[in-house]
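Protein sequences appear in the order of chains R and S.
Numbering-wise, my numbering comes out as the position in the first sequence, counting from 1, plus 5.
Numbering-wise, my numbering comes out as the position in the second sequence, counting from 1, plus 5.
Please note that a few of the clues may not be correct.
If chains are identical, the list can't say which one is meant, so a pair holds when it fits in one copy or spans any two.
Claimed, not checked - With a Cα cut of at most 30 Å, we get these calculated BS3-like pairs of lysine-lysine: (1) 239 / 149; (2) 149 / 307; (3) 246 / 106; (4) 85 / 348.
Treat the hints as calculated values from the structure; they're not laboratory data.
Protein chains: 2
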Amino acid sequence: MICYSFAAARDVSGHMIRHQIQRRAVGSKDIHIKIAYSGICHSDIHTVRGEWGPQQYPLCVGHEIIGKIVAIGSDVDDWKVGDNAGVGCFTDSCRNCQECKDGDENYCTGSGTVFTYGHKCSEAFQPGGYTHGGYSSDIVVDAKYAVRVADNLFCAGGAPLLCAGITCYSPFTHFGLKRGMKLGVVGLGGLGHMAVKIAAAMGAEVTVVSRSADKRDQALALGATNFVLSTDEKQMTAAAKSLHMIYDSIAFPHDVVQMLNLLKTSGTLIMVAGIPQSMNVSAFNILPRRLSIVGSCIGGIKPTQEMLDFCSQHNILADVEVIPATPEAVDAAYERAIRADVKFRFVIDTAATLTA
Amino acid sequence: MICYSFAAARDVSGHMIRHQIQRRAVGSKDIHIKIAYSGICHSDIHTVRGEWGPQQYPLCVGHEIIGKIVAIGSDVDDWKVGDNAGVGCFTDSCRNCQECKDGDENYCTGSGTVFTYGHKCSEAFQPGGYTHGGYSSDIVVDAKYAVRVADNLFCAGGAPLLCAGITCYSPFTHFGLKRGMKLGVVGLGGLGHMAVKIAAAMGAEVTVVSRSADKRDQALALGATNFVLSTDEKQMTAAAKSLHMIYDSIAFPHDVVQMLNLLKTSGTLIMVAGIPQSMNVSAFNILPRRLSIVGSCIGGIKPTQEMLDFCSQHNILADVEVIPATPEAVDAAYERAIRADVKFRFVIDTAATLTA
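Put together the whole structure using the sequences plus the hints.
And the structure:
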């Protein structure tokens, strides 16, 4: 099936062009989604710029996808045309390894998780042999790798849940965030602002830790009850040993030991940004107070559905700036995202642009 | 009460001398223990040599203590003269903080854990104002900070359970080691050899990871079912992603990322040696496979009692070399311990020496 990317990266510069892409024909187990909204995640930017390895261009990225089903395969009996559907960071996995059986397809150790874009795969899976993502008109995926999107999430603010939302929800549930616990959120960007909303809805008491004093009002508006300015030694000392868990979403090297100091005995620091530089943490930093440093990366299909149902129930959406589905608008959004000049996520309104 | 240290460190050289020490008189809540066995822990060596901060000399160390009760305070109704008793790494804590209430007195955040030796405290608590440990004839402690030692553990091999034993048992239970799980033990010394025995008794399948091929036979004899030579790239590759949990007891800087590679998805690396140098681990090392790096330090009174009961039930003792209670013997043992020339723990047979 021929479909249309309104913003495919031309080359490693990351500049966007209009480009025709091929999708596979709708197979018996597939659904065909007409894309309505597509979020812009910082991973998209890293990928198109070759920062996470070389890519094939033109490359269409995007893994926060919401749309409507326009066709279904003959063996698909749990979806129907007209249903809302979401696609996140991956579209297939081996289905046989322990991780897939456990619902952790994102950690597949069989043939490996097939990521939504830039992933080498068979021609049968994707004409051209590389997956293409959500900055496009349509997507065809196996029905088992799509999730249901309630009507109150079918809007621009719902799209970022597919990546940013699950990247918070999955470690919160896996590592045991519970009602009444004190959670620190470090870094108030696309991930951090979702973490505040989701954790507050889970009944946690949220403290935002930031080096920007002007984030205080935003933090409180999002549902945090406390704010700590990390550059203020007095505030950091007062907050020492006060948190059960910290969600650290800062995407560049920073002082991790300073964050460990904020944890209570037996506390957990969750790292979600794949920073390649050493954390500069020693065993001596974690041993005397039984601290844990853990990593987490998106989440499986079942927890993603759980997260969406939770967000629907609690009316949780991302705070977004909506842009049109044009290469120029995506280029401009990337420039601003790189400067962290966005509150808090850009979402492309594909439906409005392409049907205008 | 005047009592006798057969081996008190004279100064920062760590050389031992005979020395008279004062203990407090037996208070209404105290028990007076005649010491029978005292283990030699590497912490003792670090402490007397000033490697963990300056000390007051002469200093009597030792925190793996087993003996018989010879007197009890008027308010003590759950112990009687003649009972076996054990004393581990600490002898008091605030009793009011959340950690003390939770049975984690070793992580006390009130006035702080009072360590068995070298700890500054009141004259009332300890004449001289510093605690003295187990290389001595007698010790007086609050009955709530002593543990019961079954008859089958009342021997030299039982003493190391008070520190080495609990340093394994506590993280195994806290971080969820279960029957059938695959555990790696890195470093086969005093801690590592206890970890193999205790984990095997818990029903775990134990793999010892060592850079010394000659540890293989020892590992299998202790209860491990597998051995991986860490200097052999082929063996390390074959063992990749095979372990649910790793107990890393190496006491000097080493390649932690190499150990993380051995963990399955969602695996846990437990660090128990307080190495001050950076682990050189990045968020990128833990995030793509949801790995955890955790620290753990001894354990509370309740888990220590649980551990002793577990070891009694399974007839688990440390493998020890017994030495007499003389300064010369302790000096010689320290020299050998520093060269890691001991299988696997030195224990001082105080009762035999002092009653000879």
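Hint check:
1. 239 / 149: neither (51 Å within a copy, 38 Å between copies)
2. 149 / 307: Only inside one copy: residue 149 and residue 307 sit 10 Å apart there, 48 Å across copies, limit 30 Å.
3. 246 / 106: Between copies only: 17 Å across, 38 Å inside.
4. 85 / 348: neither (35 Å within a copy, 68 Å between copies)
When the structure is compared with the earlier hints, violations turn up for hints 1, 4 and for no others.
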